[in-house]
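**Q** The lines below spell out each chain.
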Amino acid sequence: MSLSDLLAMLPILILAFGATAILMAGAWYREPLPLLAGGIVTALLGALSAGLVTPPVPEIAGLFSAGGYARFYTILWSLLAAAGLMTGSRYIIEKRIGAGEYVSLVLYAAAGMALLSSATHLVGLFIALETFTLAFYILIASNRNCALAAEAGLKYLLLGAVATGFMAFGIALIYAASGSLVLPDAVMRLKAETGELQAWGLLGWGMILIAVGFKISLAPFHLWTPDVYQGAPAPVTGLLATGSKGAVVAALVGLLAMSGPVWNDLTDLVWLLAALTMLAGAFGALGQSNLKRLLAYSSVTHMGTLLVGVLCQTSEGFAATTFYVVVYVVTSLGAFAVIASLADGRGEPMTFDQWRGLGYRHPVRCGVLVLLLLSLAGLPATAGFMAKFAVFHAALQSGYIGLLMIGILASVISFAFYLRVTMLLFQPDEKASSWHQGSVFEHTVLAVCSSAVLVLGLFPGLLFGLIRQILP
Amino acid sequence: MYDKLWLIPFFPLVGSIINGLLGKRFIKNEKIIGAIGTGAIFLSFLVSCKFFYQLVNDSVKIHETVVASWMSVGNLQVDWGFLLDPLSAVMLMVVCGVGSLIHLYSIGYMHGEEGFYRFFCYMNLFAFSMLMLVLGNNALVMFVGWEGVGLCSYLLIGYYFEKQSAGDAAKKAFVMNRVGDFGFLLGLFTIFWTLGSKHGVWTINFVEISEKAHLLSGDMILGAGVTTVATLCFFLGATGKSAQLPLFTWLPDAMEGPTPVSALIHAATMVTAGVYMIGRMNVLFAMSPTTMMVVAVVGALTAIFAATIGFAQNDIKRVLAYSTVSQLGFMFVAMGVGAFTAGIFHLMTHAFFKACLFLGSGSVIHAMHHALHHAHLSDDAQDMRNMGGLRKKMPITWATFGISCLAISGLPFFSGFFSKDEILWWTFASTRGSKVVWVIVVVAAFMTAFYMFRCLYMTFYGEQKTNPKAKDHVHESPWVITLPLVVLAGLATVGGFVGIPHVIDVAHIGNKLDQFLAPVFHHSQQLHNIEAHGTASTEIILMIFSVVVALVGIGVATMMYLKNPDMPAKFTAKFSKLHRWVFNKWYVDEAYDVLFVNTTKKLGIFCWRGFDVNVIDGIVNGLAKLIGAISTALRHTQTGQFHNYALTMVFGTVVMLAIFILN
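Here the protein sequences line up with chains V and G, keeping their order.
Per this note's numbering, numbering of the first sequence is gapless, rising by one per residue and ending at 472.
Per this note's numbering, numbering of the second sequence is gapless, rising by one per residue and ending at 663.
Isolated chain V, as found in the complex (with noise of 0.2 Å):
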């Protein structure tokens, strides 16, 4: 490894030595305030560093690239990093938890996730994978006096082993087939093959595909969603929503872009994963009366449809997904946001019950999250109709025109859903509670994803054009 290697790494560099040293710092440290601090600059400087420094070369070490496509996803999960240790900040205060170790898993998780996102060889995508599932399997429980948050944890630990040994599995199957594990030279191979060993390698993939859908909740494999959502503290499930899957989503595109079309033998059953998935969360919002299961399922239908754009496996469709996973990310990033900055001693508010007429207690903020909802439905002039309109322009381009009715179909009952949340939040209600008024960072995390929200609805071009360039 050479030192230009290291220079290309320096984004992950910062982000894995300052977790380690905040780790460190936290052992003896245990002023919670100044190790967040020193988190959120690290994730800033890491973001900093992807955004600014040239790398020298386009790969390192033969297992992670850097590339424009891996330096994009790197600031998007730097940035993230920030605005979860920011919306998180008054739990770890409140709940007393150590600061060192939350805010170094958290750096732990985004740097899994940047590597991730630009992983060029299996090894390094399973290794990448792991760090932050890891990190997640913490965070989830990090609360240890709450039975549902140790629950959750465990349920996504033991769920996640499985779709693990799925993965690893599925890596072995390829590297029988083809013979390397270099990407995507592996999947090239793979393409030349025929006969037994091309079989070998797409039953690899499916395999693959199993752990994906596992971490990215595709029906079947969602069901642990609403129940670690639930359980999980809402700046922790604004993390587990937004990065951990869009990290998948980003290396799935990402190698698919680098390789070309080779899905082709198994569209019939993505299709049907991506239309069982829209259908499966629509409807399962559908009788939900706890917002976070609410958001749990809606995340599960988002992931459908950006299936659907994976499955494109066209230029405008990579770029449609990409898109709508930046779009994704905000918006639900900033719904959990609102969501943590409400709670207080009570816990989150969570229930129907606790949010009815809340609008008119905390305008501002319930403002917001409509303003998000109606993203996440995907009205008009927010960032979510035209990331959704992106990627059903793209599934009409390449002739899924069944796969875009159901996706229609999903997206009508799911403003079903998302309505009557907007309409509880302003049904006059005496009973109504205030809820805490949230501090100046989760505010902040608040105003910037309104604002891209809003932004990215009216001017998507100023994306898309980025996108355009880093796309492999």
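No wet-lab data here; the hints were simulated from the structure.
Mixed in with the good hints there might be a few duds.
Have a look at the derived ranges for each label pair, beta carbon to beta carbon [said to hold, decoys possible]:
| hint | chain 1 | residue 1 | chain 2 | residue 2 | range |
| --- | --- | --- | --- | --- | --- |
| 1 | V | Ser-451 | G | Leu-21 | 27 to 37 Å |
| 2 | G | Leu-185 | V | Ser-451 | 42 to 52 Å |
| 3 | V | Met-405 | G | Gly-223 | 44 to 54 Å |
| 4 | V | Val-455 | G | Leu-185 | 45 to 55 Å |
| 5 | V | Leu-458 | G | Asp-589 | 54 to 64 Å |
| 6 | V | Met-405 | G | Gly-610 | 29 to 39 Å |
| 7 | G | Arg-178 | V | Val-455 | 40 to 50 Å |
| 8 | V | Val-455 | G | Ser-165 | 53 to 63 Å |
| 9 | G | Val-73 | V | Met-405 | 27 to 37 Å |
| 10 | V | Met-405 | G | Leu-21 | 45 to 55 Å |
| 11 | G | Gly-20 | V | Leu-458 | 32 to 42 Å |
| 12 | V | Pro-380 | G | Gly-223 | 43 to 53 Å |
| 13 | G | Ala-633 | V | Pro-380 | 24 to 34 Å |
If the Cβ cut is set under 10 Å, some of the chain G residues that face chain V in the computed set are [as the list claims (entries may be wrong)]:
| hint | residue |
| --- | --- |
| 14 | Ile-627 |
| 15 | Gly-628 |
| 16 | Ser-631 |
| 17 | Thr-632 |
| 18 | Arg-635 |
| 19 | Thr-639 |
| 20 | Tyr-645 |
| 21 | Thr-648 |
| 22 | Met-649 |
| 23 | Phe-651 |
| 24 | Thr-653 |
| 25 | Val-655 |
| 26 | Leu-657 |
| 27 | Phe-660 |
Computed list of chain V residues with no C-beta within reach of chain G, every gap over 10 Å [said to hold, decoys possible]:
| hint | residue |
| --- | --- |
| 28 | Ala-21 |
| 29 | Gly-51 |
| 30 | Ile-75 |
| 31 | Gly-98 |
| 32 | Thr-131 |
| 33 | Cys-146 |
| 34 | Met-188 |
| 35 | Leu-404 |
| 36 | Pro-460 |
Every residue, glycine too, gets a C-beta built ideally from N, C-alpha and C.
Chain V is fixed; fit chain G onto it per the hints.
**A** Frame of chain V, contents of chain G only:
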């Protein structure tokens, strides 16, 4: 030269916007609001005078100016264009002149009304729309005005919207007008499409249509000539707007609006739009003798039919309303027999005397209302049975009302005499005329004289039948009300001299109006050989005859209502059945209710309850229920148990593998 024509509709539009936006919150002061409203239309009047004068002295009589392009879609090019020719010039003078007077009058009449600003906003908006209608150089700009006046009519009839009857009347007027508008549009489409597709002339410009109309002469549509079909459609539009059979029933109800509205919109201007429209398209109408005959017959029937109803009404404004319907019938007779100039002439004189009559009735109602209000009585201020003997109390109103009655009855040499006589002469002698129609119209003229003098006597003569408590509080109205009365009465007296018939033109002044309008009408009249021919002696005999008829009408009224006040009661008792029919307007409203309103309502209720609620809502709600049920069923998969989740994962894997292997 004429490129500033847009100024004419511009002023009222600005006035309307100012009063509409600022009147309630910022201006508030009645005097300023009234001044803005009246000033706006008066400015239009001044500009109109200037252009009128300019046109009279101009050798070229037809001028078009285009302000801006409106739309350009395929073959359709529409401009915001204005057309000034003698016809629109005469209309401009009537609309702006009478309009200004009525605006002035309204300041006094509407004094203290809630929503004073609203009234002037609508009135100016009306003036704007009417001027667009008159000035538009193509059918679409005219249609904008056509719909605009309909809207303003609706708004102003419903001015006292808190009254159920006013709201209903407004709705009725609007719906009936829409029926007519439908005809107007169909006619327009027919002409546009036939000219375009068959002859390559895609236009809705009036001048171009008139020039190219001859191309249509051989074209057939639906087994009839294109011009016949199109002009019949246009005429349907005219019957709606001008309250002719069968679409006349809205006009009497429209009297729910304030009296100045009745005078301006429902007597002098808007309701004459149908007549104007036929004049504007006279080339097309002249091409179809069938349509012309229909127009004449419908006009004549309306004239006599409405006159009969006028016999039995006791509400002073309703008498005038039926009289208006009847007089509009006269105008349509004129258009139908090819006497276009006479039609426009009667339109003008009618605007003078009918506006004066309405404003006079308004003055009476105003006074009565105040007197009754003062005495805390709830008697009907419009019922003539509560009036009588007001001659002494309201001398100016009486004098002007009387003059107008003489004019409408057609006594020489009041304005109505000239115009009505010209219509009668053409009906008798025109190549498109008919003796039967002439007889009907003469009878209608007799009835007109009768019911107008009945109205005059019941209101101003005899004993005052007002409740004694209010009796002495009836006073003459202030100058803003009486001044317009005097001016209009003056016009009603001398206005006819612009159209002196040739036979009695001893001073050789000539028929000025006929000469002025010649560039618009003579071409089509000559082309289709439309003229009135007969000897001078015949004309003079007919003229004397019609005067005698009017005098007999007045005489009968004098006998019944002035000399023998008991006679009408005996009369009604003797012919009680007939009286009931006439009093109830021949039950036309009831018949329409049964035939159209109720069937439409039933259809609507079927569409609502039968189709919308059961079928559409059923589908929508059913879908929502289905989706909800699916959602509930899916919730059962969410057990919260880890091993169930793992099992589902494995199950999913197995299914995936199965699909994979099958592939």
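**Q** It remains to establish, for every hint, whether it holds in the given structure.
**A** These are the hints, each one checked on the structure:
{"no.": "1", "hint": "Ser-451/V with Leu-21/G: 27 to 37 Å", "result": "holds (35 Å)"}
{"no.": "2", "hint": "Leu-185/G with Ser-451/V: 42 to 52 Å", "result": "holds (49 Å)"}
{"no.": "3", "hint": "Met-405/V with Gly-223/G: 44 to 54 Å", "result": "holds (48 Å)"}
{"no.": "4", "hint": "Val-455/V with Leu-185/G: 45 to 55 Å", "result": "holds (46 Å)"}
{"no.": "5", "hint": "Leu-458/V with Asp-589/G: 54 to 64 Å", "result": "holds (56 Å)"}
{"no.": "6", "hint": "Met-405/V with Gly-610/G: 29 to 39 Å", "result": "holds (31 Å)"}
{"no.": "7", "hint": "Arg-178/G with Val-455/V: 40 to 50 Å", "result": "holds (47 Å)"}
{"no.": "8", "hint": "Val-455/V with Ser-165/G: 53 to 63 Å", "result": "holds (56 Å)"}
{"no.": "9", "hint": "Val-73/G with Met-405/V: 27 to 37 Å", "result": "holds (34 Å)"}
{"no.": "10", "hint": "Met-405/V with Leu-21/G: 45 to 55 Å", "result": "holds (48 Å)"}
{"no.": "11", "hint": "Gly-20/G with Leu-458/V: 32 to 42 Å", "result": "holds (34 Å)"}
{"no.": "12", "hint": "Pro-380/V with Gly-223/G: 43 to 53 Å", "result": "holds (51 Å)"}
{"no.": "13", "hint": "Ala-633/G with Pro-380/V: 24 to 34 Å", "result": "holds (32 Å)"}
{"no.": "14", "hint": "Ile-627", "result": "holds (6 Å)"}
{"no.": "15", "hint": "Gly-628", "result": "holds (7 Å)"}
{"no.": "16", "hint": "Ser-631", "result": "holds (4 Å)"}
{"no.": "17", "hint": "Thr-632", "result": "holds (6 Å)"}
{"no.": "18", "hint": "Arg-635", "result": "holds (5 Å)"}
{"no.": "19", "hint": "Thr-639", "result": "holds (8 Å)"}
{"no.": "20", "hint": "Tyr-645", "result": "holds (4 Å)"}
{"no.": "21", "hint": "Thr-648", "result": "holds (5 Å)"}
{"no.": "22", "hint": "Met-649", "result": "holds (5 Å)"}
{"no.": "23", "hint": "Phe-651", "result": "holds (7 Å)"}
{"no.": "24", "hint": "Thr-653", "result": "holds (6 Å)"}
{"no.": "25", "hint": "Val-655", "result": "holds (8 Å)"}
{"no.": "26", "hint": "Leu-657", "result": "holds (7 Å)"}
{"no.": "27", "hint": "Phe-660", "result": "holds (6 Å)"}
{"no.": "28", "hint": "Ala-21", "result": "holds (37 Å)"}
{"no.": "29", "hint": "Gly-51", "result": "holds (39 Å)"}
{"no.": "30", "hint": "Ile-75", "result": "holds (34 Å)"}
{"no.": "31", "hint": "Gly-98", "result": "holds (27 Å)"}
{"no.": "32", "hint": "Thr-131", "result": "holds (23 Å)"}
{"no.": "33", "hint": "Cys-146", "result": "holds (16 Å)"}
{"no.": "34", "hint": "Met-188", "result": "holds (21 Å)"}
{"no.": "35", "hint": "Leu-404", "result": "holds (19 Å)"}
{"no.": "36", "hint": "Pro-460", "result": "holds (31 Å)"}
Going down the numbered hints, you'll see the structure goes against none, and every one checks out.
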